[in-house]
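**Q** One line per chain: the protein sequences are A and B, in this order.
Reading the first sequence from the start, the letters are residues 33 to 145 in the numbering used here.
Reading the second sequence from the start, the letters are residues 812 to 925 in the numbering used here.
No lab work stands behind these hints: they were computed from the structure.
Don't take each hint at face value.
Said to hold, decoys possible - 25 Å max Cα-Cα, derived DMTMM-like pairs, lysine to aspartate or glutamate:
id: 1; chain 1: A; residue 1: K137; chain 2: B; residue 2: D912
id: 2; chain 1: B; residue 1: K882; chain 2: B; residue 2: E829
id: 3; chain 1: A; residue 1: K140; chain 2: B; residue 2: E829
Chain by chain, the residues run as shown.
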Amino acid sequence: SQQGEEDPQALSIQEGENATMNCSYKTSINNLQWYRQNSGRGLVHLILIRSNEREKHSGRLRVTLDTSKKSSSLLITASRAADTASYFCATALSGGSQGNLIFGKGTKLSVKP
Amino acid sequence: NAGVMQNPRHLVRRRGQEARLRCSPMKGHSHVYWYRQLPEEGLKFMVYLQKENIIDESGMPKERFSAEFPKEGPSILRIQQVVRGDSAAYFCASSPGSHTDTQYFGPGTRLTVL
């Protein structure tokens, strides 16, 4: 599997429900970031969690990081139709001078009104 | 504080022509990154630059692609002799300092090669 692989690939829920997306990665990271992309648009940064953190909150978003399992989850509570988008996790590797984020293929979230 | 700006937003080129994509980072950001996104795919890293320096170009194709970030002006991603396979969305991101900071993305340039 790729570094930064999201699961599920697609998720369809009703407005008001919670949405959970998972991300797995393979190598040691400095941090992990979640982004949202609306169809045909740029990426919007949602949250960054560092390797020494376990959980972060931002509004209706909750991100967890388990470095022992090399996985992260993004929870969106009380979803809205406007949350419909693709969600990507991206990892910044630890060490070296690499500047790149490694993205997964994303989870397509559809929130039905 | 304006976000990352990219232009043009859409670019159409015929095979063999050159494509120039521009990126102005957020004010105060000195680190710029370029990514490419194919349809239904995640973003793939291409190159990381600081002012006047290429820091990491491990994702750049060896031929036809080049990038610069001059002391003055925007960062430029240049694709020479474009081919149909270059059709994609190209995103630029910037960060204020360390490459491990949050990267803020521009709206992208959608390149179509006819």
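**Q** For each hint, tell me whether it holds in the structure or not.
**A** How the hints compare with the structure:
1. The straight-line distance between the Cα atoms of A:K137 and B:D912 is roughly 22 Å, inside the 25 Å bound, and the hint therefore holds.
2. For the hint linking B:K882 to B:E829, the alpha-carbon distance of about 23 Å falls within 25 Å, and the restraint holds.
3. Taking the CA atoms of A:K140 and B:E829, the gap is about 34 Å. The hint is violated against a cut of 25 Å.
The structure is inconsistent with hint 3 alone, although it conforms to all the rest.
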